[in-house]
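**Q** Dock chain B against chain A, hints included.
Protein chains in written order, with this note's numbering: chain A, 6 to 479; chain B, 6 to 479.
Among the hints, a few may not be true.
Dumping the calculated DSS-like pairs for lysine-lysine here, alpha-carbon to alpha-carbon at most 27 Å [as the list claims (entries may be wrong)]:
1. K341(B) / K27(A)
2. K119(A) / K341(B)
3. K44(A) / K381(B)
4. K343(A) / K27(B)
5. K301(B) / K35(A)
6. K341(B) / K226(A)
7. K253(B) / K134(B)
8. K27(A) / K339(B)
9. K137(A) / K134(B)
10. K134(A) / K35(B)
11. K381(A) / K44(B)
Looking from chain A toward chain B, a few residues come up when the C-beta cut is under 10 Å (computed) [unchecked claim]:
12. D19
13. I21
14. V139
15. A148
16. Q201
17. P202
18. S222
19. L223
20. S323
21. A362
Read the hints as simulated data drawn from the structure, not as lab findings.
Given the structure is predicted, the values throughout are model-derived calculations rather than measurements.
Cβ coordinates follow ideal geometry from the N, Cα and C atoms, glycine included.
2 protein chains.
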Amino acid sequence: MIKTADHLYLQVADNIEQLIEKEVMKMGEKLPSVRMLSKQQGISLTTAFQAYYHLEGKGLIESRPKSGYYIRRNMHKMLPMPDTCRPVKKASEVTVSDMVMEVFNHTANENILKFSVAAPPVGILPAAKMAKAVIHAMRQLPANGIWYEELQGNALLRGQIARLSLTWGAVYSADDIVTTSGCMDALTLCMASVTQPGDTIALESPAYYGTLQLAESLGLKVLEVPTHPVTGVDLDYLDKAIPKHKIKACLFVTNFNNPLGCCMPDTHKQALVAMIEKYDIALIEDDIYGDLYFGKQRPVSCKSFDKSGNVLLCNSFSKSLAPGYRVGWTMPGKYKDKVLRMKQHHSIACASLPHAAIGHFLEIGRYDFHLRNLRKQLHTQSLRYSQAICEYFPESTRVSRPQGGVVLWIELDDHINTFELFQQALKNKISFCPGRIFSLQNRYNNCLRISYGNPWSRQVDEGLKTLGKLIRKM
Amino acid sequence: MIKTADHLYLQVADNIEQLIEKEVMKMGEKLPSVRMLSKQQGISLTTAFQAYYHLEGKGLIESRPKSGYYIRRNMHKMLPMPDTCRPVKKASEVTVSDMVMEVFNHTANENILKFSVAAPPVGILPAAKMAKAVIHAMRQLPANGIWYEELQGNALLRGQIARLSLTWGAVYSADDIVTTSGCMDALTLCMASVTQPGDTIALESPAYYGTLQLAESLGLKVLEVPTHPVTGVDLDYLDKAIPKHKIKACLFVTNFNNPLGCCMPDTHKQALVAMIEKYDIALIEDDIYGDLYFGKQRPVSCKSFDKSGNVLLCNSFSKSLAPGYRVGWTMPGKYKDKVLRMKQHHSIACASLPHAAIGHFLEIGRYDFHLRNLRKQLHTQSLRYSQAICEYFPESTRVSRPQGGVVLWIELDDHINTFELFQQALKNKISFCPGRIFSLQNRYNNCLRISYGNPWSRQVDEGLKTLGKLIRKM
Chain A
6 MIKTADHLYL
16 QVADNIEQLI
26 EKEVMKMGEK
36 LPSVRMLSKQ
46 QGISLTTAFQ
56 AYYHLEGKGL
66 IESRPKSGYY
76 IRRNMHKMLP
86 MPDTCRPVKK
96 ASEVTVSDMV
106 MEVFNHTANE
116 NILKFSVAAP
126 PVGILPAAKM
136 AKAVIHAMRQ
146 LPANGIWYEE
156 LQGNALLRGQ
166 IARLSLTWGA
176 VYSADDIVTT
186 SGCMDALTLC
196 MASVTQPGDT
206 IALESPAYYG
216 TLQLAESLGL
226 KVLEVPTHPV
236 TGVDLDYLDK
246 AIPKHKIKAC
256 LFVTNFNNPL
266 GCCMPDTHKQ
276 ALVAMIEKYD
286 IALIEDDIYG
296 DLYFGKQRPV
306 SCKSFDKSGN
316 VLLCNSFSKS
326 LAPGYRVGWT
336 MPGKYKDKVL
346 RMKQHHSIAC
356 ASLPHAAIGH
366 FLEIGRYDFH
376 LRNLRKQLHT
386 QSLRYSQAIC
396 EYFPESTRVS
406 RPQGGVVLWI
416 ELDDHINTFE
426 LFQQALKNKI
436 SFCPGRIFSL
446 QNRYNNCLRI
456 SYGNPWSRQV
466 DEGLKTLGKL
476 IRKM
Chain B
6 MIKTADHLYL
16 QVADNIEQLI
26 EKEVMKMGEK
36 LPSVRMLSKQ
46 QGISLTTAFQ
56 AYYHLEGKGL
66 IESRPKSGYY
76 IRRNMHKMLP
86 MPDTCRPVKK
96 ASEVTVSDMV
106 MEVFNHTANE
116 NILKFSVAAP
126 PVGILPAAKM
136 AKAVIHAMRQ
146 LPANGIWYEE
156 LQGNALLRGQ
166 IARLSLTWGA
176 VYSADDIVTT
186 SGCMDALTLC
196 MASVTQPGDT
206 IALESPAYYG
216 TLQLAESLGL
226 KVLEVPTHPV
236 TGVDLDYLDK
246 AIPKHKIKAC
256 LFVTNFNNPL
266 GCCMPDTHKQ
276 ALVAMIEKYD
286 IALIEDDIYG
296 DLYFGKQRPV
306 SCKSFDKSGN
316 VLLCNSFSKS
326 LAPGYRVGWT
336 MPGKYKDKVL
346 RMKQHHSIAC
356 ASLPHAAIGH
366 FLEIGRYDFH
376 LRNLRKQLHT
386 QSLRYSQAIC
396 EYFPESTRVS
406 RPQGGVVLWI
416 ELDDHINTFE
426 LFQQALKNKI
436 SFCPGRIFSL
446 QNRYNNCLRI
456 SYGNPWSRQV
466 DEGLKTLGKL
476 IRKM
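The shape of chain A in the complex, shown without the other chains:
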């Protein structure tokens, strides 16, 4: 309480009035007792009573016999005034960051058909089984998991992740792993560990807007490396670019890249690892889509060719199990100590419950079974979406053919601006990612990324049809 002016009760009453106005306290709610208010605010009982008496006089609260004081009404329950038409800011240029915010502003809006979110269908995620795993974790952890977990992360989870390493062609142990709050957190910690502000890093082009923004926020310069839609980054170009631009680190999504969908062949992966060893720079490998392969076998990762420890592999369970749990991890190779310190400086530890729960889920062997169904469904969806796009979009449209992951990259006629398309689509309650946000250069204006994470439905079909119509009109 700020006690500078007279009439303390008026100040207290005014604060409460503001809480009511801002709907922090809602109609019908009980207020603290006079005794409690006096204690909380360090005022006398008389002053507390005066404050309530004043508010009661204004009709904002009411006293109910033998029960206490309640909020009576709220000033917002009136019809809104008509809006004044807003001026158009034509001159202002939209930055990539603004565009990204605009695209994802609507994430919580359930009335919008979201082709923008590169995540698996929520309906196929094992929500109930994960809930059981959480309850199990609370029973197992000391003090039900309310205490800090160790800095490096939950040991059970790390052990299980180590076991999975066999599936992508490598052998690592729990001690090689540092857990993180999702994959983005892993990328952030790794990038901050291997670079200084002002350094230059290499990314694929087009690149996931998240890594572009991360680079921006760490004060890094970005070299966008030409990337083939099937085989990934152009290694000849990269081999010349590293010394020329003094590249300090590369960050590549090696398997089912976002947004292109490309998957580097094993020979390219091996050559890439040899190259970064030759120049002794870091490769941050984002393998977040690796488990979502449509073929017979999981693609390997660059990390499986890494003898020198220059590869920092990053991954999470957000694309396969529980995005909201924020459970990710990194194998940071020779940078482990730096990454651990960075984790301590920025967040101390991860949330213990969700990490322990996923550790348990893996331990009881449910993950592999779940992934098989998820992959089957995503593969089917990728084909249905591609067919519909083929049918509804103009003939000049080009579409990627990913062998895994959750997104399609679509190239339209040069004259079509997909950010304008996005704004029109939004009026039709459809969102997607305009191509422009996948580069710091002014390009991919005629491209868009469509996620096929939503299960096929009439609504999806209609949505793609509408998009096609909007494109044809442009």
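**A** Leaving out everything else, chain B in the frame of chain A:
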């Protein structure tokens, strides 16, 4: 799988052998079936069988009729070799970061009496009630909480935090709040939002080592402001320092500062806010200990005097409810948009379950009751610890007298080096924080921080007695 050499089965067997050696797979565990191994590795059934046959021959695994293959033994089950005495590295200087790592390396070791952890006693935290709140949250959240929560954070939790603002003398709404993964994450996002690498910031001196490390990792320069053990930062000094050193932001722990224990008087808080408004710079206010007051009333925060939006208040429930849940928040004032973007760039969202659980715990009104007991216990512990230190430590010792929080700041004779004391204490299975880690300058070498978070016990009594003896010997 890397398929470059001959004898594929040997490679597979070798990988499995390494997993056994690294104890990723433990004695008695079942291996995948031959069919599963063949599928996982993309090898023929014959090759998979050959791999297991080879390992069986080495005595590492065994086949059990009608059941499958199991790990038989592990090479680590032998008595260890005697250690060779290690050489002493006298010349190497220990950096603050190394010291911090050394102090907190032992956090997981339960045999060490930890005066180093500035956290409340785990025994008094409402573990079982929080577990119930988690189960409730899983029932309430769509898809049991496995999906992403909105970027700004759980709405119920933000609403409840807004209600609490009344207790520290202000009125804010849910929309003013951004949730974070603990307080350290809030400080990181806020600091990264208001500074650029190379900027100078002002901190108290001594300052929490975590913020010193954060500043270092963001490439910031730090001005350490003289701080009074009762009233906090020297405002006259600060008023001159801001223009002189081009300070871009201040980060102060205004209530029950860590490690000094000081609590700024209201008039100082008001003057500080006026000062940062005058220079139009940011004040990041870390109020993590504010709820742990011993007096009659919670101290207000600078944020309650903030009209311009220059104050970014940061807090969490890690010192009062559930450190392992990593639930923090910030009210970033006019920097809200920047902080939101920074959150999106670095972590996308917080873990939905623990945030929803704490929201529910606050909603059912348990927090206030819990805090009252916690404060009482901490107050008692602070007095018991102070008395013991008075009794056991040399007469020349100086000790802070905090009116809240969880730590004591102790100054010993000038000639005593507390990092050496720490190393001796560790041999006696006691840890604390040496003073040196609370500054980037070479000072506070004769100081230490003792947390009174551990409930009073014979072991604590003995621990302090031992520390006293070690000091007297020096």
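**Q** Are the hints correct? Go through all of them and say.
**A** Each hint, compared with the structure:
no.: 1; hint: K341(B) / K27(A); verdict: holds (18 Å)
no.: 2; hint: K119(A) / K341(B); verdict: holds (26 Å)
no.: 3; hint: K44(A) / K381(B); verdict: holds (16 Å)
no.: 4; hint: K343(A) / K27(B); verdict: holds (23 Å)
no.: 5; hint: K301(B) / K35(A); verdict: holds (24 Å)
no.: 6; hint: K341(B) / K226(A); verdict: holds (26 Å)
no.: 7; hint: K253(B) / K134(B); verdict: violated (43 Å)
no.: 8; hint: K27(A) / K339(B); verdict: holds (18 Å)
no.: 9; hint: K137(A) / K134(B); verdict: holds (18 Å)
no.: 10; hint: K134(A) / K35(B); verdict: holds (23 Å)
no.: 11; hint: K381(A) / K44(B); verdict: holds (16 Å)
no.: 12; hint: D19; verdict: holds (9 Å)
no.: 13; hint: I21; verdict: holds (7 Å)
no.: 14; hint: V139; verdict: holds (7 Å)
no.: 15; hint: A148; verdict: holds (5 Å)
no.: 16; hint: Q201; verdict: holds (7 Å)
no.: 17; hint: P202; verdict: holds (4 Å)
no.: 18; hint: S222; verdict: holds (5 Å)
no.: 19; hint: L223; verdict: holds (9 Å)
no.: 20; hint: S323; verdict: holds (8 Å)
no.: 21; hint: A362; verdict: holds (9 Å)
Of the numbered hints listed earlier, the single one contradicted by the structure is hint 7.
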